[in-house]
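According to UniProt numbering, the stretch in the sequence shown is residues 1 to 368, in order.
Think of the hints as simulated: they come from the structure by calculation, not from any bench.
We put the beta carbon where it would ideally sit given N, CA and C, even for glycine.
Among the clues, some could well be false.
Simulated restraints, written as ranges between beta carbons of each label pair [claimed, not checked]:
id, residue 1, residue 2, range
1, Glu235, Gly198, 32 to 38 angstroms
2, Asp163, Ala29, 15 to 21 angstroms
3, Arg194, Arg226, 25 to 31 angstroms
4, Ala224, Gly341, 35 to 41 angstroms
5, Val25, Arg295, 23 to 29 angstroms
6, Asp163, Val323, 28 to 34 angstroms
7, Pro188, Arg107, 44 to 50 angstroms
8, Pro41, Gly106, 45 to 51 angstroms
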Amino acid sequence: MIPETIEAYGVRLRRTGPADVPDLVAGCADPETRRFLPALPDEYDADSARWWITEGEPAVWAAGGCAYAIADPETDRLLGGIGLTRLAVARADFEIGYWVVPWARGRGVATAATRALGERAFAAGAARLELLTHRENEASQRAALACGYRHEGVRRAASAARDGVRHDLVAWVRLADDPPGPTARLLPDLPGGRLTDGVVTLRRLEPADVDALHRLHTLPEVVANRVPPVPPDRESIARRCRLAAGYWLAGDAADLAILDAATGVLVGGCALGYDEPAIGQATLGYSVLPEARGRGLATRAVRLLAGWAFDVGVARLWAGTRVENVASQRVLERAGFRREGVLRGRMPGVDGARTDSVVFGRLASDRD
């Protein structure tokens, strides 16, 4: 049995009451809250808050779940909400969800509340807890990892947005017998948020990179190396920039901007995809804008990215180029990669044709 009040990790979980109405209204009217909680009424007012207290929250408990206000243990002021929804009685399977008011964000409130409720749920007999996050909600995904949840996949179109468009949700799961502590990440954050050799700097892609990245990826010579070789539209590039953090946290890919270290201007992009984590193998790719070519920046970027990859546990890196792309092959060779062979017809070409790919590889043991 889960108690009606839980106090642990610097937060208090309790039933929501009439005194919470003003903060509940303010928190649920916040654009960021509404962005990730599309089920909220279009106009969240005091009546909406009172309905939740008198009908909504009790209904969750009656259905075999639980719902709490997250409160400051010293002042008892509302900091957000958290609860469990029963998914399957026979499997002791629950979904956990939370939200945090704007004035309490960045303080670890979601992490503390999720730990506190998760421990009580497992103690009460839960076997599996599932936490669903929007791909763009970096803070929520970091909270999941900090609480020991593991990336389990994507629930396609599982959330409806206010504009009527359905969005994917990322599934994070923790089992009752999972080890304590945060989940180890395949791709940790860059040290200090960036890598640099004084000439080039690498950092994670950001939404502000859309225009430069779209120009880069619509260049004919860059399009020729895409799969399929079709220029992307601006929205697909914007989505790539918005979701870069989520893919990184899930351990799927590290998508980076290449900057001129002296000016901070974006001059290209590179990415590492963890294609076979079980054997420690990842692949990388890169491209540079025309005005930045001929300065060795791509080679420097590949060296930086490869060095970081080996430092975080990657054992083998590989990259492929078109047979005629001699410039890219030279970049790889200068960055310590060795030519391993040609894969016939590996890449899709135009009009249904297939293109050969020259494969280069580098091992952690190849490092200087």
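Whether the CB-CB distance between Val25 and Arg295 falls inside 23 to 29 angstroms: For Val25 and Arg295 the Cβ distance comes to about 56 angstroms; the hint is violated.
Cβ distance range 35 to 41 angstroms for Ala224 and Gly341, holds or violated: At roughly 21 angstroms between Cβ atoms, Gly341 and Ala224 fall outside 35 to 41 angstroms, so the hint is violated.
Distance restraint hint 28 to 34 angstroms, applied to the beta-carbon atoms of Asp163 and Val323: violated, 45 angstroms
Distance restraint hint 44 to 50 angstroms, applied to the beta-carbon atoms of Pro188 and Arg107: With Cβ atoms ~22 angstroms apart, the hint is violated.
Hint check for Arg226 and Arg194 - Cβ pair distance inside 25 to 31 angstroms: holds, 26 angstroms
CB-CB spacing for Ala29 and Asp163 relative to the 15 to 21 angstroms hint: holds, 18 angstroms
Range agreement (Cβ of Gly198 with Cβ of Glu235, hint 32 to 38 angstroms): holds, 35 angstroms
Range hint 45 to 51 angstroms (beta carbons of Pro41 and Gly106) holds or violated: violated, 27 angstroms
Of the numbered hints listed earlier, those contradicted by the structure are 4, 5, 6, 7, 8.
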